[in-house]
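As you go down the protein sequences, you meet chains L and C in turn. Here the first sequence stands for residues 9 to 255, where the numbers follow our numbering. Here the second sequence stands for residues 9 to 255, where the numbers follow our numbering.
If you are wondering where the hints come from, they were derived from the structure by calculation, not from laboratory data. Check each hint, because a few of them may be wrong.
Identical chains blur together in the list; that is why a pair holds if it fits in one copy or across any two.
The calculated DSS-like cross-link candidates involving lysine-lysine, where the alpha carbons are at most 27 Å apart (straight line), are [unchecked claim]:
| hint | residue 1 | residue 2 |
| --- | --- | --- |
| 1 | 166 | 138 |
| 2 | 30 | 138 |
| 3 | 30 | 181 |
| 4 | 166 | 30 |
Number of protein chains: 2
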Amino acid sequence: MSDPISEQSDPHYAVDAVNRVKRRHDRGFYDHDTVHRLLDAAALAHVAWVIDGRPFCTPTLFWREGTRLYWHGSSASRMLKNLSEGEPACVTVTHLDSLVLARSGFNHSADYRSVMAFGTARLVTEPEEKLRALTMMVDRFFPDRTATLRPSTRQEVKATSVIVMEIERASAKIRARGVVDDDEDYDLPIYAERLPVRTVIGEPEPCPRLIPGVTRPETLASYTGGRLLEEALSAAYATVHGADRPG
Amino acid sequence: MSDPISEQSDPHYAVDAVNRVKRRHDRGFYDHDTVHRLLDAAALAHVAWVIDGRPFCTPTLFWREGTRLYWHGSSASRMLKNLSEGEPACVTVTHLDSLVLARSGFNHSADYRSVMAFGTARLVTEPEEKLRALTMMVDRFFPDRTATLRPSTRQEVKATSVIVMEIERASAKIRARGVVDDDEDYDLPIYAERLPVRTVIGEPEPCPRLIPGVTRPETLASYTGGRLLEEALSAAYATVHGADRPG
Numbered sequence: 009m010s011d012p013i014s015e016q017s018d019p020h021y022a023v024d025a026v027n028r029v030k031r032r033h034d035r036g037f038y039d040h041d042t043v044h045r046l047l048d049a050a051a052l053a054h055v056a057w058v059i060d061g062r063p064f065c066t067p068t069l070f071w072r073e074g075t076r077l078y079w080h081g082s083s084a085s086r087m088l089k090n091l092s093e094g095e096p097a098c099v100t101v102t103h104l105d106s107l108v109l110a111r112s113g114f115n116h117s118a119d120y121r122s123v124m125a126f127g128t129a130r131l132v133t134e135p136e137e138k139l140r141a142l143t144m145m146v147d148r149f150f151p152d153r154t155a156t157l158r159p160s161t162r163q164e165v166k167a168t169s170v171i172v173m174e175i176e177r178a179s180a181k182i183r184a185r186g187v188v189d190d191d192e193d194y195d196l197p198i199y200a201e202r203l204p205v206r207t208v209i210g211e212p213e214p215c216p217r218l219i220p221g222v223t224r225p226e227t228l229a230s231y232t233g234g235r236l237l238e239e240a241l242s243a244a245y246a247t248v249h250g251a252d253r254p255g
Numbered sequence: 009m010s011d012p013i014s015e016q017s018d019p020h021y022a023v024d025a026v027n028r029v030k031r032r033h034d035r036g037f038y039d040h041d042t043v044h045r046l047l048d049a050a051a052l053a054h055v056a057w058v059i060d061g062r063p064f065c066t067p068t069l070f071w072r073e074g075t076r077l078y079w080h081g082s083s084a085s086r087m088l089k090n091l092s093e094g095e096p097a098c099v100t101v102t103h104l105d106s107l108v109l110a111r112s113g114f115n116h117s118a119d120y121r122s123v124m125a126f127g128t129a130r131l132v133t134e135p136e137e138k139l140r141a142l143t144m145m146v147d148r149f150f151p152d153r154t155a156t157l158r159p160s161t162r163q164e165v166k167a168t169s170v171i172v173m174e175i176e177r178a179s180a181k182i183r184a185r186g187v188v189d190d191d192e193d194y195d196l197p198i199y200a201e202r203l204p205v206r207t208v209i210g211e212p213e214p215c216p217r218l219i220p221g222v223t224r225p226e227t228l229a230s231y232t233g234g235r236l237l238e239e240a241l242s243a244a245y246a247t248v249h250g251a252d253r254p255g
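One chain only, chain L, in its complex shape:
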């Protein structure tokens, strides 16, 4: 099995004991392009924290800019006791692509694409940076939408915490092989299949209280019923950050 690291083009995340893919290392990738592509195709992440020595795993909407991840700090007070120095965190994004039914229990598996990103999470406190982050929290998913909204009040800005984490280490892990059985097992009279799984957008449901004449803006055209959510999210990301996406 060739070394996936040496095949990768720069830039990539540094690899050490924290983020090295140990089991099935042939599934590991560390280059920015692979890691960022998987992050930008998702809206949902799971964040691991340590509070009083105990692990917590919190789901959240998130977004990326360059090598930084941002999310809404709904439980910031509990998560970030140490506001000045920050807290170590691990942000994980997973795309489940299939369940795999093989000819032996051992070879049952799943196709997936996941990223684990490690760094130190901090509260965004600088007013200008926070306002910018609150805009991106909406506009990263729905380009240019903030300009069309009722502006945020000072109280709303105060009530919203935003957390930022510079990615210090990251790895992507990908399995995309479907059914793989032991050579001799293919001769057995056992049914095997790949069962695809996909996350899709349903038909948009306009708010029943829209005032007459208000229609769906063109900027939401990427979010159509039946489309893969990850396609729509990737397209929105490219609209905001351009084809030459940051790092």
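Position chain C against the provided structure of chain L, taking the given hints into account.
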């Protein structure tokens, strides 16, 4: 807002500082039925661990029996240094149901159903318990399938780690409200919508190397293309554990 805990029927998980839903406590549930229903509708969980004081968030397939969660310990050696006493873990399952576009940035949101389950994770070492767990790892998703497979070898059993966690604390958090704006904002000429998100099964892809005459078993009938994954998983769970599901 009424207290959600007092409205709940027994049995429910004990509530303390670890699992109490703090922000938006009206979205919190602790009863076994709500928590278990959301767990049994999922195949993918994210597990948070602490290793050398650092948080790790690992995606994994998992399943439930009673008040125990099981998963495949792919990185067991790294996760479970302390095999005899176990390690604290937090297992989180999230169903993302929509993205919500409101008339203000502050009211942008998402519909979701999530569970955070806390306990001490241990390696399953007792041989009979491990064999049973390896059977359920397949049969929980695909009822009665193990009996149709090439039996596991001793080496395969040895190479597979199974982790079990008794749920000591758990909470479910549910938002299912779609667009909710401030009263005065409904008069504004701003478009708002609920954008549904669902995870579905694609058309099953039979292994191209099936030997002639081998057809899809009736036990997989629950997994049909276009069906919600959570419906199929819940149905499989009910088939295995009966309508009167354990606790």
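We went through each hint and held it up to the structure:
no. : hint      : verdict
1   : 166 x 138 : within (10 Å within a copy, 51 Å between copies)
2   : 30 x 138  : between (37 Å within a copy, 23 Å between copies)
3   : 30 x 181  : within (10 Å within a copy, 33 Å between copies)
4   : 166 x 30  : between (43 Å within a copy, 18 Å between copies)
Every hint from the earlier list agrees with this structure, and none is contradicted.
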